[in-house]
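J.: Sequence:
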Amino acid sequence: MKYWLMKSEPDVYSIDDLERDLDEIWDGVRNYQARNFLKSMTVGDTAFFYHSNTKPPGIAGLMKISEEMVVDPTQFDQASKYYDAKSTPADPRWHTVTVTYIETFEHYISLNELKDNFDPDELQVVKRGNRLSVMPITEAVAKRILTLAKSE
DNA sequence: GCCAACGTTGGC
DNA sequence: GCCAACGTTGGC
0 MKYWLMKSEP
10 DVYSIDDLER
20 DLDEIWDGVR
30 NYQARNFLKS
40 MTVGDTAFFY
50 HSNTKPPGIA
60 GLMKISEEMV
70 VDPTQFDQAS
80 KYYDAKSTPA
90 DPRWHTVTVT
100 YIETFEHYIS
110 LNELKDNFDP
120 DELQVVKRGN
130 RLSVMPITEA
140 VAKRILTLAK
150 SE
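Quick note on numbering: numbering that gives the first Met the number 0 labels position 151 of the first sequence as 150, and the sequence is numbered without any gaps.
Hint data in this document are derived by calculation from the structure and do not stem from the laboratory. A portion of the hints provided could be inaccurate.
[Claimed, not checked] Beta-carbon label-pair distances, calculated as ranges:
(1) Arg29 - Glu105: 25 to 35 Å
(2) Pro88 - Asp16: 24 to 34 Å
(3) Ala89 - Ser109: 24 to 34 Å
(4) Ile101 - Asp76: 38 to 48 Å
(5) Gln77 - Asn30: 30 to 40 Å
Virtual Cβ for every residue (Gly too), placed ideally from N, Cα, C.
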């Protein structure tokens with residue numbers, strides 16, 4: 000059982016969208032380090048849904064991994080901005096996961112609040128200049144984030 | 001809108 | 001294999 004933080008721009012796809020859809024393929028990741036984390040996810044893992052490029056950025060809720068090693072369909076879709084001409088169905092380059100909605104936090108945890116509570120070493124998202132869109136989180140840090148979400 | 005950070009591309 | 005140019009992310 001592992002814990003993750005996954006970023007999405009709410010203008011593109013928000014936790015409200017996931018609440019409506021319940022399940023969604025986490026497509027469009029085109030960074031190898033992030034992809035490798037996606038490939039190491041297993042069904043039942045927990046992920047924090049982080050809203051990036053919004054005011055304020057922060058953790059909006061919780062989801063779980065419901066399907067692992069999903070081939071990202073957008074890599075074969077020529078109409079998609081995520082189309083990858085170098086990827087073939089026989090040897091797909093981009094794997095991801097399906098996520099399932101768990102809950103939206105009543106208490107949205109802003110990036111500033113995360114910075115007040117965590118060091119960049121233990122929670123990479125508070126590190127200045129961090130651009131990784133999928134990152135692992137230790138169980139201890141995950142528990143502290145959940146405690147923050149239940150406060151106030 | 002600015003810009004720091006940093007990943008990717010391509011010439012050599 | 002190096003590295004400059006370029007593109008993208010994402011906070012502010």
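J.: Please go over all the hints and tell whether each is borne out by the structure.
T.: Results for each hint:
1. Arg29 - Glu105: 25 to 35 Å: 33 Å, holds
2. Pro88 - Asp16: 24 to 34 Å: 28 Å, holds
3. Ala89 - Ser109: 24 to 34 Å: 45 Å, violated
4. Ile101 - Asp76: 38 to 48 Å: Given a distance of about 29 Å, which is not inside 38 to 48 Å, the answer is violated.
5. Gln77 - Asn30: 30 to 40 Å: Because 21 Å falls outside the window, the suggested range is violated.
In this structure, the earlier hints numbered 3, 4, 5 are contradicted, and the remaining ones agree with it.
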